[in-house]
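Chains A and B are the protein sequences, given in the same order.
For the first sequence, my numbering begins at 484 and goes up steadily by one.
For the second sequence, my numbering begins at 484 and goes up steadily by one.
Keep in mind that the hints were calculated from the coordinates and are not lab data.
Bear in mind the structure is a predicted one, so any value in this text is a computation, not a measurement.
Incorrect hints may have been included.
[Claimed, not checked] According to the in silico footprint, chain A covers these stretches of chain B (three or more CB under 8 Å from chain A):
no., stretch
1, 606-615
2, 640-646
3, 792-800
[Claimed, not checked] Here are the simulated distance ranges between beta carbons:
no., chain 1, residue 1, chain 2, residue 2, range
4, B, Gln714, A, Pro525, 34 to 44 Å
5, A, Glu620, B, Arg679, 41 to 51 Å
6, A, Ser626, B, Glu653, 50 to 60 Å
7, B, Arg679, A, Pro525, 33 to 43 Å
8, A, Pro810, B, Pro761, 26 to 36 Å
9, B, Leu834, A, Asp562, 32 to 42 Å
10, A, Ser548, B, Ala718, 26 to 36 Å
11, B, Gln714, A, Thr713, 34 to 44 Å
12, B, Thr558, A, Thr713, 37 to 47 Å
Glycine included, each C-beta is placed from N, C-alpha and C at the ideal position.
There are 2 protein chains.
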Amino acid sequence: MSTPDPSARAVGDPTGLHRVLEPPGVLPQAAQRLDTRAELWPDEVRIRVERLNLDAASFRQLERSHGGDGDEVRTAVLDIIRTRGKMQNPETGSGGMLVGRVEEVGESSPLGLQVGDRVATLVSLTLTPLVIEDGLERWDGKSEQVPADGYAVLFGRSIAARIPDDLPTELSLSVMDVCGAPALTQRVVRQYTDRRPVVAVIGGAGKSGSLSLAAARHAGAARTIGVVPTQGEAALLHEAGLADAVALADARDPVALAHAVAEAGGPADVTVVCVDVPGCEGGAILATAESGTVIFFSMATSFSAAALGAEGLAADVTMLIGNGYTPGHADYAMSLLRAEDGVRRLFERRL
Amino acid sequence: MSTPDPSARAVGDPTGLHRVLEPPGVLPQAAQRLDTRAELWPDEVRIRVERLNLDAASFRQLERSHGGDGDEVRTAVLDIIRTRGKMQNPETGSGGMLVGRVEEVGESSPLGLQVGDRVATLVSLTLTPLVIEDGLERWDGKSEQVPADGYAVLFGRSIAARIPDDLPTELSLSVMDVCGAPALTQRVVRQYTDRRPVVAVIGGAGKSGSLSLAAARHAGAARTIGVVPTQGEAALLHEAGLADAVALADARDPVALAHAVAEAGGPADVTVVCVDVPGCEGGAILATAESGTVIFFSMATSFSAAALGAEGLAADVTMLIGNGYTPGHADYAMSLLRAEDGVRRLFERRL
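Please work from the sequences and hints to get the whole structure.
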């Protein structure tokens with residue numbers, strides 16, 4: 484292995500700027516292409532990759548645009564990673580996360596990891612230098628969970644969580660991938676100090692949705708409403724026991740959605756959008772009470788549709804962009820999974 | 484004029500659903516095409532249009548894609564309005580607002596308007612049925628302010644503000660167009676009850692930016708920092724006296740932006756993004772203190788760039804989608820304009 488120029492190594496940046504090849508000066512997430520060399524800057528960590536977990540919106544877009552042909556989806560993912568030096572779907576802008584084992588730790592890494600630790604990265608693949616070395620040959624292209632061999636690099640300002648010993652890896656990975664949602668839901672619900680809010684979760688039977696329902700109840704919601712699109716999901720969510728009420732509606736139909744939430748005990752003080760389909764902004768706003776809050780966790784959210792939708796409805800609601808990072812988010816999500824059998828069952832069904 | 488079917492008129496919806504032609508069931512903002520018939524449903528109001536004020540991001544996109552040719556820009560705007568029954572730029576998703584005189588008031592309109600009132604609509608043009616009758620012949624296609632003759636329709640749940648008698652119309656219109664920004668900035672700053680926050684406004688010499696700076700100071704910010712991209716704008720903002728510090732940086736360069744804000748007394752507890760250029764998400768996040776808030780008012784904001792950018796930087800910041808509506812927003816913005824000569828001068832320069 485060749486060693487990077489020491490003067491270059493000395494200027495490594497905690498946000499990974501030193502790995503950006505083009506365009507220069509942007510953060511790694513916004514970059515077209517990253518430097519994927521295996522040699523580490525002093526504050527970096529290299530991970531031997533075992534598995535990628537693609538973002539749901541990204542995987543679905545790839546599946547759609549290749550007519551569900553797994554070989555084509557695999558080729559498309561390999562092309563993206565080779566071209567960009569990271570897994571970032573150019574259409575959805577989203578990536579996913581990975582699991583692997585720590586291979587090397589730079590002498591000044593602040594992450595506290597040891598060689599051999601089994602970890603999941605909690606920063607997005609959209610900014611993580613990544614090299615695939617096995618052509619993803621063990622993946623059929625038909626699931627978001629991608630067995631892989633290769634390596635990835637973590638920067639100084641990054642997050643990786645050790646994978647619990649007591650849970651199956653796929654389950655842990657799947658939980659960590661969406662752990663920002665329950666953490667932010669908890670925070671918003673706890674901000675109600677004078678009364679307990681009604682919380683509606685759109686997509687309540689999904690991964691981030693079921694965790695958000697559990698978080699809302701745990702944080703003291705007066706009532707939790709899970710909204711799902713089909714009778715099948717309604718039955719699953721009923722059985723999981725995570726919502727005080729289950730409502731059936733197409734989230735893209737604003738009037739139907741608002742009506743369903745109202746019937747189930749709404750309008751909601753807090754509405755959490757966890758469905759990865761476009762066009763749910765208007766309905767989420769319309770389902771939310773005056774002075775309420777909408778948390779958008781779906782990567783399919785359109786900024787302008789949300790901003791103009793609220794204005795167009797003269798709706799005085801606070802709209803939050805779901806931040807994937809809240810301190811302690813992974814541990815919190817794991818604790819909800821351990822405490823709520825209903826959450827665990829819903830996750831296990833999706834593995 | 485033909486009269487709409489009375490049974491259809493009876494089901495008019497306050498959000499304007501009854502005017503959506505395609506696709507059915509979506510809110511007017513999300514619609515491809517609206518019904519622009521002049522006859523009113525009972526809760527509607529018809530406005531005789533005098534002037535459109537195009538959204539800045541939309542106008543700039545049109546200008547760019549037609550190489551600054553005013554005739555082509557005019558043709559493009561007419562095409563959009565004719566095809567969609569509303570002014571919504573398909574590229575930016577944004578619209579603007581309009582000024583006009585109330586022509587007819589439906590018998591059950593809740594808006595409190597009288598025939599003859601001179602008003603500005605404070606809901607977006609993206610959801611307002613609009614017909615242009617003069618081919619925009621008085622507009623050279625080179626400015627966001629578009630003299631026009633035609634009509635527009637307001638729904639039951641809509642907002643229109645009477646235009647003050649003591650201010651020039653163009654000035655009022657220009658203020659009302661961005662009045663959501665100072666109102667939300669004020670609200671966020673006032674939420675700091677234990678201490679006074681540092682507020683940075685990216686694009687501080689612009690319309691929404693200068694009002695947001697004035698609002699931040701008025702609401703009790705400890706320090707206001709205006710960030711601008713050029714020496715010329717820096718001089719203007721200095722002269723306006725709206726910011727405690729003026730910083731010079733390209734908002735698309737995250738590292739430069741964060742550095743400039745830090746030098747000017749940051750990091751910011753509250754960062755307000757008011758520049759209509761893409762790629763400012765990372766810098767805004769990086770310029771904001773841990774546990775701080777970023778308010779995105781630019782329609783050029785990318786939801787996924789913001790969400791993944793914060794996650795990628797392990798940044799625990801609250802990110803708000805700038806809602807164009809806050810109760811009392813127009814009056815508040817007008818009061819800032821009247822109180823602050825610096826704001827008024829910056830606005831008048833842009834008319």
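Tested hints:
Interface restraint, the stretch 606-615 of chain B with chain A: holds (4 residues with C-beta to C-beta distance below 8 Å; minimum three). For the stretch 640-646 of chain B, the stated coverage by chain A is satisfied: 3 residues place a CB nearer than 8 Å to a CB of that chain, which reaches the threshold of 3. Look at the stretch 792-800 of chain B against chain A: 9 of its residues bring a Cβ nearer than 8 Å to a Cβ of that chain, three or more, so the hint holds. Between B/Gln714 and A/Pro525, the C-beta spacing of about 38 Å keeps the proposed range 34 to 44 Å intact.
Distance hint for A/Glu620 and B/Arg679: a CB-CB separation of about 59 Å, inconsistent with the stated range 41 to 51 Å. As the Cβ distance of A/Ser626 to B/Glu653 is approximately 57 Å, the hint placing it in 50 to 60 Å holds. For B/Arg679 and A/Pro525, the Cβ-Cβ distance of about 39 Å falls inside the hinted range of 33 to 43 Å, so the restraint holds. Our hint of 26 to 36 Å for A/Pro810 and B/Pro761 holds, since their Cβ atoms are close to 29 Å apart.
As the Cβ distance of B/Leu834 to A/Asp562 is approximately 50 Å, the hint placing it in 32 to 42 Å is violated. Remark: the range hint 26 to 36 Å for A/Ser548 to B/Ala718 is contradicted by a beta-carbon distance near 50 Å. For B/Gln714 paired with A/Thr713, a C-beta distance near 59 Å fails the hint of 34 to 44 Å. Between B/Thr558 and A/Thr713, the C-beta spacing of about 46 Å keeps the proposed range 37 to 47 Å intact.
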